[in-house]
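Enquirer: Single-letter residue listing:
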Amino acid sequence: MRRRRTPVGFATLAALAVAVAILCSVPLLFVTWVAFDSGWAEVATLVFRPKVGELLVNTVLLLAITLPLAISLAVSFAWLVERTDLPGRGLWSWLMVAPLAVPAFVHSYAWSAFAPGFHGLWAAVAVSILAYLPFLYLPVAASLRRLDPALEETAAALGKPPMVVFFRIVLPQLRIAIWGGALLVALHLLAEYGLFVLTRFDTFATAIVDQFQSVYNGPAANLLGGVLVVACLVLLRAESALRGDERYARIGSGSIRRAERQSLGPLRWGAMGLVLIFTLFSLGVPLWTLSRWLWLGGAAIWRLDAVLPALGQTAALALGAALLTTIAAFPIAWLSVRAPSRSQRLLEAAHYYVGALPGVIVALALVTITVRLAPSLYQTMATLVIAYMLMFLPRAVVGLRSSIAQAPPELERAASSLGKRPMVAIARTTLRLAMPGATASTAMVALGIANELTATLMLAPNGTRTLAMRFWAYTAELDFSSAAPYALLMIVLSLPLVVLLRFESRKIGQI
Amino acid sequence: MSDLVITAAHKRYGKTIALDAVSLTIAAGSRVAIVGPSGSGKTTLLRAIAGFETLDAGSIRLGEIALEDDKGPVPSHRRQIGYVVQEGALFPHMSVADNVRFGMIDPPSARGGKAAELLQRVGLPPDVGMRRPHELSGGQQQRVALARAMARSPKVMLLDEPFSALDTGLRDAIRDMVSSVLGEAGITTVLVTHDQKEALSFADRVAVMQDGRLVQAGTPEEVYLKPVNAQTARFLGDAIILNAMVQDGTAHTLLGPVRATGPSGPRTIMLRPEQVRITPATGEGQGSRGRIVARSYEGPTWRTVVEHLPDATDEMVLETASLFTISVPGPASLPAGTVVAIAVVGEAHSFPARS
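Order-wise, the sequence lines are chains A and B.
Numbered continuously in the numbering used here, the first sequence closes out at residue 511.
Numbered continuously in the numbering used here, the second sequence closes out at residue 866.
Since the hints were derived computationally from the structure, they do not count as laboratory data.
Please note: incorrect hints may appear among the correct ones.
[Unchecked claim] What the simulated footprint calls covered on chain A by chain B, stretch by stretch (three residues with Cβ under 8 Å from a Cβ of chain B suffice, anywhere in the stretch; the number is not a length):
#, segment
1, 147–154
2, 475–483
[What the hints assert, rightly or not] As a list, the in silico BS3-like pairs of lysine-lysine whose alpha-carbon atoms are at most 27 Å apart:
#, chain 1, residue 1, chain 2, residue 2
3, B, Lys582, B, Lys526
4, B, Lys666, A, Lys160
5, B, Lys582, B, Lys666
6, B, Lys708, B, Lys737
7, B, Lys582, A, Lys160
8, B, Lys625, B, Lys666
9, A, Lys160, B, Lys625
10, B, Lys582, B, Lys625
The structure displayed is predicted, hence computed values, not measured ones.
Beta carbons are placed, not taken as given, at the ideal position from N, Cα and C, and that holds for glycine.
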């Protein structure tokens with residue numbers, strides 16, 4: 001067999017991808033270093049103590065209550081919207097995804113303003129479900145749409161009533177979507193800070209930030225971070241074990257017919273009530289609270305001398321970091337399209353895993369590294385931008401990969417045969433053709449960064465005032481009215497992301 | 512006996528009429544193929560029998576039991592009708608044996624043995640039961656799908672183009688297997704297909720659908736040799752359609768006089784290509800003559816295009832020139848340009864003249 005041809009520019013881009021992957025390994029190196037540096041005795045005293053036990057119980061309870069509820073709701077809603085004659089399905093399919101436009105900590109801001117006594121575990125569960133349900137809804141709805149109706153019809157012809165068909169045929173096919181979505185929700189539950197502070201529910205993330213704010217770079221925060229990383233790894237492992245490597249794809253190649261919608265009959269009004277209540281809670285409450293505070297605050301809360309600089313600073317930071325992230329993502333995205341291989345997939349995995357880690361871990365790692373190795377970088381914009389890059393790298397790789405895949409490799413070869421050096425050849429052909437897609441993916445990364453709170457709070461140099469930071473400062477002082485303009489701006493910035501997510505899930509069936 | 516009786520079935524989707532007053536009786540234990548071009552309503556009819564589509568009007572009865580009438584449809588899971596689709600639709604998350612056991616109503620202890628027995632009946636080795644559907648070839652999947660549908664001993668088996676995803680060689684083998692398994696079990700079978708050869712060889716009755724209407728039902732020979740109109744004739748195979756003047760059982764055509772069905776007068780006749788024989792012309796003989804225009808080799812036959820050569824004596828003939836495509840069997844080589852004598856074997860079928 002002939003050896004596969006090495007694509008133009010392979011060596012340079014592979015070297016760059018390795019460099020980015022090494023940068024990505026910083027958080028894991030940090031956790032390992034913490035464990036060794038502290039010594040067993042200190043690890044034992046700081047990890048095996050009642051406070052950690054309490055956080056662990058809280059985390060387990062939060063996951064154990066939220067996930068089953070969220071899965072049942074997401075599956076029910078997806079089934080109602082995709083498979084029944086629910087009136088107004090087109091509208092509902094948007095409204096089910098729309099809560100994503102409201103950052104999680106804005107959801108809990110709305111609820112703590114709407115119902116001031118709503119605190120503790122159940123408040124945390126309820127607000128988490130409202131804020132994160134779309135992460136489950138999107139993949140489940142996409143899978144339901146792609147399911148071959150012939151399977152269900154065959155099961156019916158084999159004498160099984162609709163309920164049995166649903167549980168034995170439909171639900172097992174949704175497994176991959178359900179576990180994937182549940183993993184995403186679970187990782188958010190572990191990583192989220194703002195939501196749980198406002199619902200007064202202690203998790204590892206809130207405890208770490210508290211510790212960090214009282215004692216910078218203390219071993220206590222670092223070791224809590226270690227426990228949190230272990231929890232994340234357990235979740236990742238559990239998801240891949242549950243998903244298994246079974247094949248759920250459709251067997252055969254014929255075109256798929258659209259499923260018949262089931263008639264709900266008189267039950268449709270009950271179903272309408274259910275989705276309506278969820279929408280009122282997940283969108284109505286935030287919008288109502290926000291409008292109320294905006295109304296009460298009137299013109300006085302639009303202090304443009306504060307709002308405009310915050311907007312400007314957020315935009316500059318988000319765009320700069322997003323641009324850097326896209327550039328850092330290009331080598332691996334290009335390799336994954338042009339030269340896929342086992343080592344390339346390993347390299348790609350190194351890019352992805354940081355995205356699964358909570359922002360607090362990335363922040364802690366960068367603080368520790370800069371304090372130890374490069375004090376001049378400590379609490380600078382550069383460190384903050386690198387943190388953003390690490391956190392949002394997966395999103396950029398996914399976005400870039402599809403646009404690179406659309407540029408034919410022959411053009412690179414043609415350009416290099418016309419005498420261009422490899423990097424110039426790639427820049428003038430693939431990079432140029434991938435530009436529209438790359439721009440869109442940069443914009444999506446920028447929007448994500450604009451609403452980032454946790455790492456920003458921990459890493460931002462003094463004097464930084466992003467929208468999220470301003471919002472958070474006012475909310476902490478219970479000045480809901482002054483916080484409202486910032487919440488509104490963050491929601492507006494998130495809308496394009498929601499539109500894109502829904503569009504993508506319709507197109508490829510997965511988020 | 513529990514005949515399957517469809518009476519005046521109507522179904523429309525928006526402005527499209529999918530079924531237009533379709534009535535069809537399928538005798539218990541018989542084998543019927545429903546054929547027609549895509550969009551003719553054949554799949555809709557099958558899905559209505561299975562209970563996946565609700566009729567706008569009309570009824571479907573299985574013996575004494577009304578599957579669907581004015582009182583509404585019986586849900587598909589209570590119909591006891593087997594259903595096998597093109598790709599087999601095996602449940603991908605279950606083993607092959609679990610697929611076969613899925614619909615069984617036997618006591619649980621008996622199911623394993625019955626599944627093995629069913630797999631054997633469709634010609635699969637027993638160890639296939641442990642495998643996953645995606646590990647099987649297309650033909651094996653189709654065998655499992657049949658075994659699964661047989662597990663409930665249905666009275667009627669519906670086959671929705673079950674062979675069309677298979678390779679040509681495999682298709683015949685699977686079709687023969689399905690045919691013998693269902694025949695032995697005495698199960699009434701309804702096959703939907705757009706492949707006329709499959710319909711003619713599989714069924715004892717063929718129902719032809721066009722634009723939502725059932726245009727003809729009869730034995731394979733009837734519908735093939737005596738189609739109700741030219742469109743049906745062409746759908747069921749290559750056909751040579753000619754204008755003719757029929758007088759006392761003889762049609763005068765540009766191919767010369769041919770025995771024909773139907774009353775006297777101007778008619779349209781149909782000949783199947785295999786009724787036309789060509790031989791190299793020997794001098795000035797009587798009868799019709801043609802010239803080979805083109806030919807292509809197809810293995811067992813030559814596909815040969817013949818141009819009819821008009822003759823001054825053809826006074827009764829309404830058409831004066833025509834091209835036919837026929838298959839000439841054997842190695843005989845008739846190169847382009849050869850002048851041939853055209854003879855017609857057997858009887859032509861005639862319909863009312865084209866307007």
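Enquirer: If a hint holds in the structure, say so; if it doesn't, say that too.
Expert: Status of each hint after checking the structure:
no., hint, result
1, 147–154, "holds (count 5)"
2, 475–483, "violated (count 0)"
3, Lys582/B x Lys526/B, "25 Å, holds"
4, Lys666/B x Lys160/A, "17 Å, holds"
5, Lys582/B x Lys666/B, "22 Å, holds"
6, Lys708/B x Lys737/B, "16 Å, holds"
7, Lys582/B x Lys160/A, "22 Å, holds"
8, Lys625/B x Lys666/B, "18 Å, holds"
9, Lys160/A x Lys625/B, "19 Å, holds"
10, Lys582/B x Lys625/B, "37 Å, violated"
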